[in-house]
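Just so you know, the protein sequences line up as chains A and B, in that order.
Here full-length UniProt numbering is used: position 315 in the first sequence is 315, and no number is missing along the way.
Here full-length UniProt numbering is used: position 646 in the second sequence is 646, and no number is missing along the way.
Think of the hints as simulated: they come from the structure by calculation, not from any bench.
Careful, some of the hints might be misleading.
Not everything, but these chain A residues come out facing chain B in the computed CB check (under 7 Å) [as the list claims (entries may be wrong)]:
(1) ALA77
(2) LEU294
(3) GLY343
(4) TYR344
With a Cα cut of at most 25 Å, we get these calculated DMTMM-like pairs of lysine to aspartate or glutamate [stated by the list, open to error]:
(5) LYS137/A <-> GLU264/B
(6) LYS554/B <-> GLU572/B
(7) LYS249/A <-> ASP279/B
(8) LYS69/A <-> GLU572/B
(9) LYS132/A <-> GLU704/B
(10) LYS218/B <-> ASP250/A
(11) LYS69/A <-> ASP927/B
(12) LYS177/A <-> ASP503/B
(13) LYS69/A <-> ASP503/B
(14) LYS665/B <-> ASP602/B
(15) LYS79/A <-> ASP225/B
(16) LYS209/B <-> GLU199/A
(17) LYS266/A <-> ASP503/B
(18) LYS516/B <-> ASP503/B
(19) LYS442/B <-> ASP503/B
(20) LYS69/A <-> GLU488/B
(21) LYS182/A <-> GLU488/B
(22) LYS324/A <-> GLU704/B
Predicted, not measured: the structure shown is a model, and the values here were computed from it.
From the three backbone atoms N, C-alpha and C, an ideal C-beta is built for every residue, glycine too.
Listed here are the chains, written in short residue letters.
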Amino acid sequence: MTHGLSHLPFCFFSGSSPPICRPCEVRTPASGRGSRVELAAVMDEAGSSASAGSAPRGGRPARSGVFYKFTQQDLPAWKPAMTPGYVIAIFLIIGIIFVPVGLICLQASNRVAEIVHRYDIDCVPDAYRSNKQAYIKDSSISKKCIQKVKVQYHMKAPIYVYYELDNFYQNHRRYIKSRSDKQLRHGLQYTDSSCSPIERSNGLPVVPCGLIAWSLFNDTYDFTRGSMGLMVDRKNISWRSDREHKYGKDVYPFNFQNGSLIGGGKLDPDIPLSNQEDLIVWMRAAALPQFRKLYGVIEEDIQADETITMHITNNYNTYSFGGKKSLVLTTSTWLGGKNDFLGYAYLITGSSSIFLCILFALIHVKIPR
Amino acid sequence: MLKEGVEDWRRKQQDIELNNRIVKVHRGNGSFEETKWKYIKIGDVIKVEKDNFFPADLILLSSNYPDGICYVETMNLDGETNLKIKQALEVTSDLQEDGDFTNLRQIIKCEDPNANLYSFVGTMDYKGMRHPLSPQQLLLRDSKLRNTDYIYGAVIFTGHDTKVMQNATEPPSKRSKIEKKMDYIIYLLLCSLLGIALLGSVFFGIWTKADLRNGELKRWYLRPDDSTVFYDPKRAPLASFCHLLTALMLYNYFIPISLYISIEMVKILQAVFINQDIDMYDEESDKPTHARTSNLNEELGQVDTILSDKTGTLTCNMMEFIKCSIAGTAYGQSVTEVEKAMALRKGVPLGDEIEAGGHKEKQIEESPHVKGFNLKDPRIMDGNWIHEPNKDVIRDFFRLLAICHTCIPEVDETDKVSYEAESPDEAAFVIAARELGFEFYKRTQTSIVIRERDPNQNVADYQYRKYELLNVLEFSSSRRRMSVIVKEPEPEGRILLFSKGADSVMFTRLAPDGRKFEEETKRHINEYSDSGLRTLVLAYRVLDEKEYENFAEKFRTAKISGSADRDEQIGEAADSIERDLILLGATAVEDKLQKGVPECIDKLAQAGIKIWVLTGDKMETAINIGFACSLLRQGMTQIIIALEAPDIIALEKNGDKDSIAKASKQSVMGQIEDGIKQVPTLGQSSTESFALIIDGKSLTYALEDDVKFKFLDLAVKCASVICCRSSPKQKALVTRLVKHSDKVTLAIGDGANDVGMLQEADIGVGISGVEGMQAVMASDIAIAQFRFLERLLLVHGHWCYRRISVMICYFFYKNVTFGVTIFLYEAFASFSGKPAYNDWFLSLYNVFFTSLPVIALGVFDQDVSSRLCLQYPELYQEGVQNVLFSWRRILGWMFNGVVNAILIFFFCTTALKDQAFRQDGQVAGLDALGATMYTCVVWVVNCQMALSVNYFTIIQHIFIWGSITVWYIFLMVYGAIDPKYSKTAYMVFIEQLGPQRYHIGW
């Protein structure tokens, strides 16, 4: 940004007309009494305390004090002037802070072991590969599917299990609005038109209503390690505030998935919504069309080179819109899951500011202003 | 809007007040009734009493004086405070009583209403005779009756037909150039808003249509088979159109509606600061600066041309008798403004100047300063003149001053005399004479009484001398002198002719034996005029009886002749007697400049502002003042455009209007073209600068459509322009002409005659001085003294311009940033119209989290302190050249906004991508991303503000960092209220990374 600065050097040396010093022409007081602070106010830039002494005349503000300075726009102020020294110093400081932070983030991200396994194609029998929709819509075909992955790194508990969907617009306006928070909390009497088009079915209200609930994700996963089963803890996968405040403890699913068109998963009508954690997780809409949602937590370590068998029921139709499905196993650190971006961003920022700092310093040494 | 409404209402109140003023109107049978102004009709005979305004244009019928004269103050018309004499026709001047109007029948024929104040033609049929009417009989509305008990007049024009109203221009609603440009930016943004909304709608339409193909559901989770019109794939174009409307609502952040409100607020606060400035507060009159409209604050920083009135604006309209040369000896030691200015320019602080200054102050403390008199010379003051060698000449000199004039004395209860003069010069003369002991005491139709103080210091001892007034040979601009013929009191009883006039005419009329001091006097006169003083030469002559008889006869016949060449005959008669004069000396009167005017003009010139002076004065006076206020300098080439060529004067005598106009125009054209040839083209640099001086008559032609651009061409090349003898309408026209060149004009004036100019100019500055309030009422900003203009423009103008332009740019920037993040998010939500942010975030963006810092910037920011602004006037050019609000700058800011938005968006989405962002394994949903992005935007936008601010007072710190804090507080409070958001509050901790990253990356 240009500051007035860029003009000033010209002015300082324009000697053609000697500038008249303004304080000199301050009007002479009509009477000699009373110290005039007005002069001080003009000259006094640093904002040193102008002494009081003149009495306020006829309603005019006294010529001293904070209020006077305020009205005269002469408050003490910090006027940062972007001298080369400052700029270099600022860049240097930023660089010095950012590079280590970046390194720490990167290191945290590197400690995370993550397995992403896409299964939406592999789980379709070869016969249906060309017409996956027919496969997924045909309820008579078994959707069971077994996949194996080899773990390369030691994974320390807790290991989080996610499903990842792609090209699924949970953030679509129609979709995201189609829910009733009141109903989720207080029960079916609060069913309202906000849930359209999944509001009523067969003349009765649907609980939980709306498109989001209706399209509940319903693939299931089981894991075995060798012959041993791996326990997946499906509790506490949702936000606690959701469970406690947004889903009613005495609201039970009702008339759900009874319509002509069945969307996603079904719910056990005997479990209150506040305990239907799958639903709660699903109901929290993702921001982007590619997203992960927590499925459960494995509370056991997995050693490197172990092979994990995944027993998948591939119920959910992503084939009609060409979405991918993946299963994700990952550990976490204080920074969350695996994401190098943050670390790199810091590193790049930090190092480029150090680079700029050096560049400016060189320029400054060569061509000092 | 509201503000303007209030102003209009006030104006209306004034109008009502005016309409309901009372005047006496003849209602038949010689009875006069009090009637409201608004009921006055053409043809009414009305009676106006002393010190009242005329309610309409009147033909003067008679006054309380037997010869039908009356005195009129025309301050509201031309800004001149002196009194003008109007005279009724002789045939009507005997209508002295109310009853005389019982059976009065007159037919007045006159011209159509027009705007020309100084011309009038008409006839009156009375008692079977036709009499010509001239401006002498015309009393204009808004002028005031003075020194006359009452007058009778016939109404000829009322209301909007009056000459004053014809000169008035509609009060315009002014908007600053920046605001006008802002409209274009809004259009631009509106277009881009439409553009991106359209883009989104097209994509939305395509995708929506694809959702349902041959009964196959693509994105089945959206239930495209069971849809409302907004998402219906079967009616995709309609859905697309509906989406367009949604999108327009969603992206409306591109159009900062709050900008208008914020600007209004900021401007009002700026105006408060301008009003509060103690350096623009006049202690003498207890008047601070008053910004009456705050619309134009930033325009003050862009002024290219100042159009200034002279009288009352540059000068105090107060003549000071400052020096004189009597019998070849120069008296008077005071230093004039011009001398001071010249000394200052040379950089030599005159030793005696400082001394004189100190001396002056001492004097002020000793004796009260006498208005109009500033002669300091112990040799002649306090009666000391008696000891001078030429004491007889000195005595005659001051007697002449006391007698040869047309002033009227007013004696108050304490026996102090004050004067009503036709011109302030004359007042200065009589005052000077009074101060030296020759007090003009009383005037009757036939005599003048002078009260002479005994030079020997006995104050109580007066000597009354009664001079018999024989003739007054009036001043005219062609004669350039005036004389009176008086008969001395006994025992001398001589008949004397006292004459005063311009040096050019006077020296040729001296008698061979009256030239004793010619050399010295001439030298003094030259010195005086070099120091910007107005000089007059005084001379007298003793007439013998016979010669006078001859003259008196000739003069009388000339006067009553009534023929067309009456004036000429009178002139000839006067000419014959005003010869063989004996030189007494010369006077030098300073047209007192207002305090600090030359310095101020100097500074403004340094800042690159052109200054034009538009005055009703004579050309000589105007030029003098030009020198005095350093508008004209020695070494400047003066280009004078005037219509004084002999052939035109000859034509005027013939009276053929068309040919006069034609010839005049030709002549003006020629002169302008000559002038253009003289002025080098802009490329060539020349050490010489040019000044253009044009008189009112020429101006009439120069302002005609086919000439005016040539005239403008010439005028803008000249450093200073002076227009003399210009009417109020012309002032406004000149202003309009200058405005054509797309430069910001500022008009400054103090009288009602400047109203048109003030309203026409981009900014009208009224001087709230001694003259009426009309100018102030019509102005946008009222200041007490001309010199405050310097601070108003160079400091406040500069600041306000900077503040407003940066503020507007910033406002667009911050809204573009916000809008683009919303748009980018849309692209990832298949343009369905789901905003990334919570509704409350959206609506509070411009209210809480980003508004206060920008307002603080608009109100408080200073790039350099006021002291530096004044010290380096060159800084002002920043505004004149509109550096800060050029398209490049504006688009740069917007580009910055777009880049910021893209950075923020991609940074946030990548950082929060699909992996867990917390140790507990939860992933970030839409609400988390929205809050994070919003946080980033708030940080970035406020940090950008911190970078733009040059002047951090505690207020800026509180606002900028406070806004960010308030966002966090809001997030937490809002989260606590609504369980939906209770958890999203604490993820922000990590996200502080965002802005910092930006900070450097940018």
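Hint check results:
no. : hint                  : result
1   : ALA77                 : 4 Å, holds
2   : LEU294                : 6 Å, holds
3   : GLY343                : 10 Å, violated
4   : TYR344                : 10 Å, violated
5   : LYS137/A <-> GLU264/B : 63 Å, violated
6   : LYS554/B <-> GLU572/B : 9 Å, holds
7   : LYS249/A <-> ASP279/B : 72 Å, violated
8   : LYS69/A <-> GLU572/B  : 69 Å, violated
9   : LYS132/A <-> GLU704/B : 86 Å, violated
10  : LYS218/B <-> ASP250/A : 36 Å, violated
11  : LYS69/A <-> ASP927/B  : 46 Å, violated
12  : LYS177/A <-> ASP503/B : 95 Å, violated
13  : LYS69/A <-> ASP503/B  : 55 Å, violated
14  : LYS665/B <-> ASP602/B : 35 Å, violated
15  : LYS79/A <-> ASP225/B  : 63 Å, violated
16  : LYS209/B <-> GLU199/A : 24 Å, holds
17  : LYS266/A <-> ASP503/B : 115 Å, violated
18  : LYS516/B <-> ASP503/B : 15 Å, holds
19  : LYS442/B <-> ASP503/B : 29 Å, violated
20  : LYS69/A <-> GLU488/B  : 66 Å, violated
21  : LYS182/A <-> GLU488/B : 112 Å, violated
22  : LYS324/A <-> GLU704/B : 79 Å, violated
Hint compliance for this structure: hints 3, 4, 5, 7, 8, 9, 10, 11, 12, 13, 14, 15, 17, 19, 20, 21 and 22 are not met, and every other hint is.
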